[in-house]
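Residue numbers (the UniProt record's numbering), protein chains in the order written: chain B, 1 to 744; chain U, 1 to 424.
Simulated from the structure, these hints should not be mistaken for laboratory data. Beta carbons are placed, not taken as given, at the ideal position from N, Cα and C, and that holds for glycine. Check the hints yourself; a few may be wrong.
What follows is a list of derived Cβ distance ranges for each label pair [unchecked claim]: (1) 454/B to 13/U: 41 to 47 Å; (2) 114/B to 11/U: 18 to 24 Å; (3) 372/U to 327/B: 34 to 40 Å; (4) 66/U to 454/B: 56 to 62 Å; (5) 221/U to 344/B: 57 to 63 Å; (6) 413/U to 341/B: 23 to 29 Å.
Once the Cα atoms are required to be at most 27 Å apart in a straight line, the calculated DSSO-like pairs of lysine-lysine come out as [said to hold, decoys possible]: (7) 291/B to 36/U; (8) 334/B to 36/U; (9) 334/B to 330/U; (10) 185/B to 353/B; (11) 230/B to 135/B; (12) 230/B to 291/B; (13) 353/B to 41/U; (14) 14/U to 291/B; (15) 36/U to 17/U; (16) 353/B to 36/U; (17) 59/U to 330/U; (18) 625/B to 230/B; (19) 247/U to 191/U; (20) 17/U to 41/U; (21) 41/U to 14/U; (22) 247/U to 272/U; (23) 291/B to 41/U; (24) 162/B to 14/U; (25) 267/B to 162/B.
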Amino acid sequence: MSGKQGNRASAGAGSAKSKKPPKGKAEETREDVLQAVVLADSFQDRFRPFTLETPRCLLPLANVPVIEYTLEFLAANGVQEVFLYCGAHSSAIENHINESRRWSPDSILSPFSSLEFIRVSDASSIGDFLRDLDKRGLIGGDFILVHGDLVANVELEDALAKHRARREANRDACMTMVLRSAGVKRHRAAEARGITPMFVVDSSTGQCLQYEELHPLSDHYAYLDPAVFKHGDFEVRTDLIDSGIDICTPEVLALWSESFDYELPRKNFLHGVLKDWELNGKLIYTEIVEKGYAARASNLGMYNSMSKDILERWTFPYVPDSNLAFDQTYRRAKGGSYFEADVSIGKGCDITKSAIGNATTVGAGSTIKRSTIGRRCKIGKNVKIEGSYIWDDTEIKDNSVVDCSILASYVTIGNGCRVPKGSLISYGVQIWDGKSLQPEPAPRISLLTDTGSPAETNPSFVGQDGKGAFYQEAVEEDSDEEGGDSAALARLQNSMFYSLDGLNLSSSSISTLASHDSFDSEDEDADGGSFQQDSSRKRLLSFASDDSGNVSKSDAFHGDAVHGLVDALRADDNEDFDSAKLEFMGLRLANNASDSMMRRAIAVAFVRRASELLEPENGGLEPTKAAEVALTSKNGAVKFIKEVGLGSEKTAQQSEFALALQKALLGLKGLEVMRASTLLAALLQQLYHQDVLEEDGILAWWADAKSSESDSLAKIKDKCRVLVEWLENADEEESDDDEEEDSD
Amino acid sequence: MAPSQATYAPTLAKLLKSLNGQDLETSIESLIFLLKRRQVKGDQCASATLHILLQVVAKAKWRNVDQLLDAVKSTGSRLVQAAPHEPVIGNIERRVLGLIRDEASEDRNADDFGIESVSDIQSLAPATPAVPPLRPGPTVIRAQTMPTVASLQASKSMFNLLSVGDTLDAYSTGASTPVSQPQAANTHALKDEVINGIEEIMDEVNTTGDQIANFADVHIYPEDYVLVFLPSPDVERYLIKAATKRKFTVLIASFDLPKGVPIDAQYPVLRKKLTAAGVKMIRLASNGLMAYMPRVNKVIFGAKAVFQNGGALVDSGCCIAARAAQEYSKPVIVLSGVYKFCPRDTSTQVSWAELGDPSTYINYEDGTAVDSFEIEDTTAEYLPPEFIDVYVTNLGPQTRDHLGSIMADHYKPEEMGIALHLGA
Numbered sequence: 001m002s003g004k005q006g007n008r009a010s011a012g013a014g015s016a017k018s019k020k021p022p023k024g025k026a027e028e029t030r031e032d033v034l035q036a037v038v039l040a041d042s043f044q045d046r047f048r049p050f051t052l053e054t055p056r057c058l059l060p061l062a063n064v065p066v067i068e069y070t071l072e073f074l075a076a077n078g079v080q081e082v083f084l085y086c087g088a089h090s091s092a093i094e095n096h097i098n099e100s101r102r103w104s105p106d107s108i109l110s111p112f113s114s115l116e117f118i119r120v121s122d123a124s125s126i127g128d129f130l131r132d133l134d135k136r137g138l139i140g141g142d143f144i145l146v147h148g149d150l151v152a153n154v155e156l157e158d159a160l161a162k163h164r165a166r167r168e169a170n171r172d173a174c175m176t177m178v179l180r181s182a183g184v185k186r187h188r189a190a191e192a193r194g195i196t197p198m199f200v201v202d203s204s205t206g207q208c209l210q211y212e213e214l215h216p217l218s219d220h221y222a223y224l225d226p227a228v229f230k231h232g233d234f235e236v237r238t239d240l241i242d243s244g245i246d247i248c249t250p251e252v253l254a255l256w257s258e259s260f261d262y263e264l265p266r267k268n269f270l271h272g273v274l275k276d277w278e279l280n281g282k283l284i285y286t287e288i289v290e291k292g293y294a295a296r297a298s299n300l301g302m303y304n305s306m307s308k309d310i311l312e313r314w315t316f317p318y319v320p321d322s323n324l325a326f327d328q329t330y331r332r333a334k335g336g337s338y339f340e341a342d343v344s345i346g347k348g349c350d351i352t353k354s355a356i357g358n359a360t361t362v363g364a365g366s367t368i369k370r371s372t373i374g375r376r377c378k379i380g381k382n383v384k385i386e387g388s389y390i391w392d393d394t395e396i397k398d399n400s401v402v403d404c405s406i407l408a409s410y411v412t413i414g415n416g417c418r419v420p421k422g423s424l425i426s427y428g429v430q431i432w433d434g435k436s437l438q439p440e441p442a443p444r445i446s447l448l449t450d451t452g453s454p455a456e457t458n459p460s461f462v463g464q465d466g467k468g469a470f471y472q473e474a475v476e477e478d479s480d481e482e483g484g485d486s487a488a489l490a491r492l493q494n495s496m497f498y499s500l501d502g503l504n505l506s507s508s509s510i511s512t513l514a515s516h517d518s519f520d521s522e523d524e525d526a527d528g529g530s531f532q533q534d535s536s537r538k539r540l541l542s543f544a545s546d547d548s549g550n551v552s553k554s555d556a557f558h559g560d561a562v563h564g565l566v567d568a569l570r571a572d573d574n575e576d577f578d579s580a581k582l583e584f585m586g587l588r589l590a591n592n593a594s595d596s597m598m599r600r601a602i603a604v605a606f607v608r609r610a611s612e613l614l615e616p617e618n619g620g621l622e623p624t625k626a627a628e629v630a631l632t633s634k635n636g637a638v639k640f641i642k643e644v645g646l647g648s649e650k651t652a653q654q655s656e657f658a659l660a661l662q663k664a665l666l667g668l669k670g671l672e673v674m675r676a677s678t679l680l681a682a683l684l685q686q687l688y689h690q691d692v693l694e695e696d697g698i699l700a701w702w703a704d705a706k707s708s709e710s711d712s713l714a715k716i717k718d719k720c721r722v723l724v725e726w727l728e729n730a731d732e733e734e735s736d737d738d739e740e741e742d743s744d
Numbered sequence: 001m002a003p004s005q006a007t008y009a010p011t012l013a014k015l016l017k018s019l020n021g022q023d024l025e026t027s028i029e030s031l032i033f034l035l036k037r038r039q040v041k042g043d044q045c046a047s048a049t050l051h052i053l054l055q056v057v058a059k060a061k062w063r064n065v066d067q068l069l070d071a072v073k074s075t076g077s078r079l080v081q082a083a084p085h086e087p088v089i090g091n092i093e094r095r096v097l098g099l100i101r102d103e104a105s106e107d108r109n110a111d112d113f114g115i116e117s118v119s120d121i122q123s124l125a126p127a128t129p130a131v132p133p134l135r136p137g138p139t140v141i142r143a144q145t146m147p148t149v150a151s152l153q154a155s156k157s158m159f160n161l162l163s164v165g166d167t168l169d170a171y172s173t174g175a176s177t178p179v180s181q182p183q184a185a186n187t188h189a190l191k192d193e194v195i196n197g198i199e200e201i202m203d204e205v206n207t208t209g210d211q212i213a214n215f216a217d218v219h220i221y222p223e224d225y226v227l228v229f230l231p232s233p234d235v236e237r238y239l240i241k242a243a244t245k246r247k248f249t250v251l252i253a254s255f256d257l258p259k260g261v262p263i264d265a266q267y268p269v270l271r272k273k274l275t276a277a278g279v280k281m282i283r284l285a286s287n288g289l290m291a292y293m294p295r296v297n298k299v300i301f302g303a304k305a306v307f308q309n310g311g312a313l314v315d316s317g318c319c320i321a322a323r324a325a326q327e328y329s330k331p332v333i334v335l336s337g338v339y340k341f342c343p344r345d346t347s348t349q350v351s352w353a354e355l356g357d358p359s360t361y362i363n364y365e366d367g368t369a370v371d372s373f374e375i376e377d378t379t380a381e382y383l384p385p386e387f388i389d390v391y392v393t394n395l396g397p398q399t400r401d402h403l404g405s406i407m408a409d410h411y412k413p414e415e416m417g418i419a420l421h422l423g424a
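Bound conformation, chain B alone (with noise of 0.2 Å):
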């Protein structure tokens, strides 16, 4: 039940310390009971400074700590063995649960024949965790993984019974994940998310070929293994809403053991599983549920969107009103709103959609749109409240406006503040009265640091004698997170908070308070440019997922590619020509390109560019400096010719590709013959200085009908014959130098 917290000196691999000896072993324990593994820690800070006090599982959502919903769904599925593990704040979520009549071990109310809280000294990630808990070999047969801040009212019993069958039909079907669809639709939780799954599902079986990461700030390509072709009918899904529901077999407990880097479930385990299938040949499904409710308050994006659900019922019966904890006293009232049984309301309140907890009092005049207030708190006079959520014991006084923001316990907010929208502020802050906080950068007000010692109040953040300062994420604290990408991953985190404003935007627009001023542009536009990213990529997936074979897409593939191209190469960074590389090969493999394509997409920008500089308002470059910069200015752009456009080194591919040049200078339009042709020798020149193309290669093309089967065509060719020549003579001194005849 309870573990001892071992000392974390001793770091030794796992040296996971439990007073009890794992209680069963495997075999021991009965098939037909329902196992669960709670995963309270998420080793995450995207809920701070919150979560510098409170771990995430008790944050309260709707006025009730979120793992209150987690425990209630396992409850309600017949779960009756319940695995909790803690990390952070252990002691903290292990007294909630003792506490709490409905769930403490020794309550004889408890739904749960067992529940064990399992602590891991040393663990730095989700994937210690479960490495430990096979480890213990408590697990017996089928359980159900789920995070401590899931909402859900989806009923498992299909997705079990699913996934029974299937693992009887094949031991290697190890694992079902549980994945709400949110529709194509632009739609709040879809955004929230921050990181878009990439499912590829196959479509008749449920089984999860691929799995990708992508988020706004990635990429906005996706590569598909070739080895999902091979399954038939796939189905590529962005619009999932990841529960984190999986149901497991005790072997995948297993592959967590057999891969120690593992730290994510899914950026981590589910792709590298997916990835190596040839190697373990594990089969993972998915349950797509497009009835009823499964969300996780992974950030707080997701926390704003499910707090609006929970009020507007869409996580029924797991709303106010059913009064889930135990001493709840939710009735409903008009306006949507829910009222504990002892809340006092002034009088001309306007009170909508909102929660308000017991012994809360609201002053006359005061206005509360869709937000939740927690108890014992003092809201004063004329207040506006709107889209916020405030914890217990918060003071609001007379005249302040709350936009959009979190207030945790024990804040006070003085006299006629305003808290602009996507605030966040901590336990005991205090903003002394008409204090305007400063909207941009969304303040987040906290009294400790983000090391957890008690910060030097900053009184031009809360007012002369407010108490806490402005918090600041130290950049490093990420660096262990979701893999490492710190740098991005901050962006992220941020750009997962300005979805919370983002979010707002469109329900602000409905409201009737005018308070419009706190977004500026600078945010917006943030905001536009992922939506567009957002939708491009949607674009893209389509793309990749529609087996239609319009005629239009290798005209989509050739504009888009060589667009991409030669932007790369005009750009002005140092950046690597890599990522165009990369974005290519998406397109390519989106577009199901064929080599012949993906070769004259690569000359066409090539000779693009080229001409681009030898016009005067690009430097007028002659034309043999302008082919040398077009193709060397940029690292790897040679070699991406190489790879990329010829593939092989053979002479057949070399003489297609130098006909590919050929014909795109014909295509380009005013440029003068002569140049043109001036431009092709001196592209071909360079490309055999480079070692792109090889004499042979040249002497191929050269040689080919196809290359002057038109007189624009010959004119063009015509001045290459000095450089051809000179190959020719130059034949037997200029041995190759590093040749490789590959075989293919």
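Assemble the complex: chain B is given as a structure, and chain U must be docked to it using the hints.
Okay, now just chain U, sitting in the frame of chain B:
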């Protein structure tokens, strides 16, 4: 592995199976959460409450009647608070409280009461009130569809409050021997009697559907067009019973068809039985009920509860159908077991409309709709008394005028005001 078909989700059946083995508090709490999670709802509530109260009587520690009453009251109020949208729970609580009071008073007063009942009635239900407000005499039947046979039956059964019409076979007399045993002064005997009484209420609840169905051929005539809105199990049973004797047409209405379910697959049992009996079934899914009304002869609803003033709690949408029926002066028949009669004024509750899940109307997938609409999906609504012509109970068809006397027969004055008591 054998139990691969096992279902894990907790259900009422599982709870009932485990009742004997587990602690009373555990059972109560389990039911409370089944109610809160809506894993027990509607018609299941009555029998669930009875089973739990039976456990309370059997297992709770009480030494005198007052303690027993308190135990039942507190359990009942917890259940009511868990599911304030299910008035039937409160009804059952009141019935059981009344039962206990009766038993207790009988014990106290020895057996100087009830003799005349015993003399002529086959079964003396233990719940017979101490001062039965007997209202003999034929009931005045106003509705045109009310046959005299049934009314006679009903009025006769007035004397015999918990028992059922003479024609009914399901009711067994064995369970309730006359209770006025002089030696029953100790709690042990009281416990037994109360348990017997609760079991009889269970019987009543279980047989109500069939008993109501027995009156089907009285209301449904050959060649009738009968409109039902979201038929409840009671209504289905009623129609099936009628189909054995009459040839008529059923119109089943609802506002929308459940997605993904072919029309043929809806109400499978009803469809199968009606078709077998040669009754035509028409499925309507539109708001345009008005258009069908001229053709319809009567409208039948199943009630979740009937209040003191004659208003009924019905599935949401019924009110529109009832309004349409009133426009064309078509009779509206409400089916309700006596145990659903709720001795409360409707004004005590702000709204009986229980809110459900907005996904009935809009799928959560539809992101724009989720953001832009406010959806209030009421699962039940209050049908005012003026829309209802006949109430068909297990005691026979009744008019509004007699609801009060039925309630007075079934609930004791002490329990009538229990709403205040519960803080509901």
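Here's how the hints hold up against the structure:
no., hint, in the structure
1, 454/B to 13/U: 41 to 47 Å, "violated (57 Å)"
2, 114/B to 11/U: 18 to 24 Å, "holds (21 Å)"
3, 372/U to 327/B: 34 to 40 Å, "holds (35 Å)"
4, 66/U to 454/B: 56 to 62 Å, "holds (58 Å)"
5, 221/U to 344/B: 57 to 63 Å, "holds (58 Å)"
6, 413/U to 341/B: 23 to 29 Å, "holds (28 Å)"
7, 291/B to 36/U, "holds (20 Å)"
8, 334/B to 36/U, "holds (21 Å)"
9, 334/B to 330/U, "violated (34 Å)"
10, 185/B to 353/B, "holds (24 Å)"
11, 230/B to 135/B, "violated (36 Å)"
12, 230/B to 291/B, "violated (31 Å)"
13, 353/B to 41/U, "holds (26 Å)"
14, 14/U to 291/B, "holds (25 Å)"
15, 36/U to 17/U, "holds (20 Å)"
16, 353/B to 36/U, "holds (21 Å)"
17, 59/U to 330/U, "violated (51 Å)"
18, 625/B to 230/B, "violated (47 Å)"
19, 247/U to 191/U, "violated (49 Å)"
20, 17/U to 41/U, "holds (18 Å)"
21, 41/U to 14/U, "holds (15 Å)"
22, 247/U to 272/U, "holds (15 Å)"
23, 291/B to 41/U, "holds (20 Å)"
24, 162/B to 14/U, "holds (22 Å)"
25, 267/B to 162/B, "holds (25 Å)"
Violation of the numbered hints given earlier is confined to hints 1, 9, 11, 12, 17, 18 and 19; the remaining hints are satisfied by the structure.
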